[in-house]
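Going down the list, the sequences are from chains V and F.
Per my numbering: the first sequence = residues 269 to 413.
Per my numbering: the second sequence = residues 11 to 99.
The reader is advised that the hints may include incorrect statements.
[Claimed, not checked] In silico DMTMM-like pairs for lysine to aspartate or glutamate, Cα to Cα no more than 25 Å straight-line: (1) F:K68 / V:E276; (2) F:K68 / F:D13; (3) V:K360 / F:D96; (4) V:K360 / F:E99; (5) V:K360 / V:D302; (6) F:K68 / V:E335; (7) V:K312 / V:D302; (8) V:K301 / F:D39; (9) V:K312 / F:E99; (10) V:K360 / F:D39.
Because the hints were derived from the structure by calculation, they are not lab data.
From a predicted model like this one, the values you see are computed outputs, not experimental measurements.
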Amino acid sequence: MLFYVIAEGVIAFLLVAGGIFAFTGSLGMLQFKDFFMRLHGPTKGTTLGIGCMLIASMLYFTVTQREFHVQELLITLFLFITAPVTGHMLAKTGLHMHLRFTTGTRGSVPELRDEDVGQSRVARPAKARHPWRPGRQQRKPRLPR
Amino acid sequence: MLDTALMISLGLIVAAMSMNVIRLARGPDVPDRLLALDTLYVNSIALIVLLGLWLNTKTYFEAAMLIAMLGFVGTMAICRYLLRGDIIE
Numbered sequence: 269m270l271f272y273v274i275a276e277g278v279i280a281f282l283l284v285a286g287g288i289f290a291f292t293g294s295l296g297m298l299q300f301k302d303f304f305m306r307l308h309g310p311t312k313g314t315t316l317g318i319g320c321m322l323i324a325s326m327l328y329f330t331v332t333q334r335e336f337h338v339q340e341l342l343i344t345l346f347l348f349i350t351a352p353v354t355g356h357m358l359a360k361t362g363l364h365m366h367l368r369f370t371t372g373t374r375g376s377v378p379e380l381r382d383e384d385v386g387q388s389r390v391a392r393p394a395k396a397r398h399p400w401r402p403g404r405q406q407r408k409p410r411l412p413r
Numbered sequence: 011m012l013d014t015a016l017m018i019s020l021g022l023i024v025a026a027m028s029m030n031v032i033r034l035a036r037g038p039d040v041p042d043r044l045l046a047l048d049t050l051y052v053n054s055i056a057l058i059v060l061l062g063l064w065l066n067t068k069t070y071f072e073a074a075m076l077i078a079m080l081g082f083v084g085t086m087a088i089c090r091y092l093l094r095g096d097i098i099e
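One chain only, chain V, in its complex shape:
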């Protein structure tokens, strides 16, 4: 009997923790100023929240039906593998499309260094690539064909 009470407590804790983590990830995606900041919330917070919820579901069905379930573990593993790949591809897309970003943060991405930054769109370093051109070339934002 005590085992069921402890299992219920663990499952309830994992469910609430997963909900809070997923909520925090989506809140970060809504509230941050920048695409590169906004990328942090869903790739880490939401993934951890979904992992917590799936492990809670696995524990629930394992305890109540007295046999081990691996489907939730499969979904968890798949999400934990694919979330960093998605984050990497989204960051590459943002760098490729020269999205605007804010400068109020410490440090900078090596791809975005040595440029006059601000609320404008960011271009590649014009000095390094075109030393013969005077001044900085205003490049139009590259859009997909």
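Could you slot chain F onto chain V? The hints should help.
Relative to the frame of chain V, chain F by itself:
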């Protein structure tokens, strides 16, 4: 206790999905909307898992697995389209 935790978790997930929809509607650029869609399908997986816990069935986990795989493929396809201008070269 489990019912209370389930209701709290459902409310949080619904709030998270509504925030994703807000970001999807007003995202200034295409990658923002893509990120919102990605988070939306991940949250829908959580919603399906909570529905399975609520109804005490295991019927919906195949749907969750399918949504996970096809959502990843869709996000990769749109990312490749934005990066290269083509999906399969």
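Right, here's what the structure says about each hint:
no. : hint            : in the structure
1   : F:K68 / V:E276  : holds, 19 Å
2   : F:K68 / F:D13   : holds, 18 Å
3   : V:K360 / F:D96  : holds, 15 Å
4   : V:K360 / F:E99  : holds, 19 Å
5   : V:K360 / V:D302 : holds, 15 Å
6   : F:K68 / V:E335  : holds, 13 Å
7   : V:K312 / V:D302 : holds, 16 Å
8   : V:K301 / F:D39  : holds, 13 Å
9   : V:K312 / F:E99  : violated, 31 Å
10  : V:K360 / F:D39  : holds, 14 Å
Violated hint: 9 only; the structure is consistent with all others.
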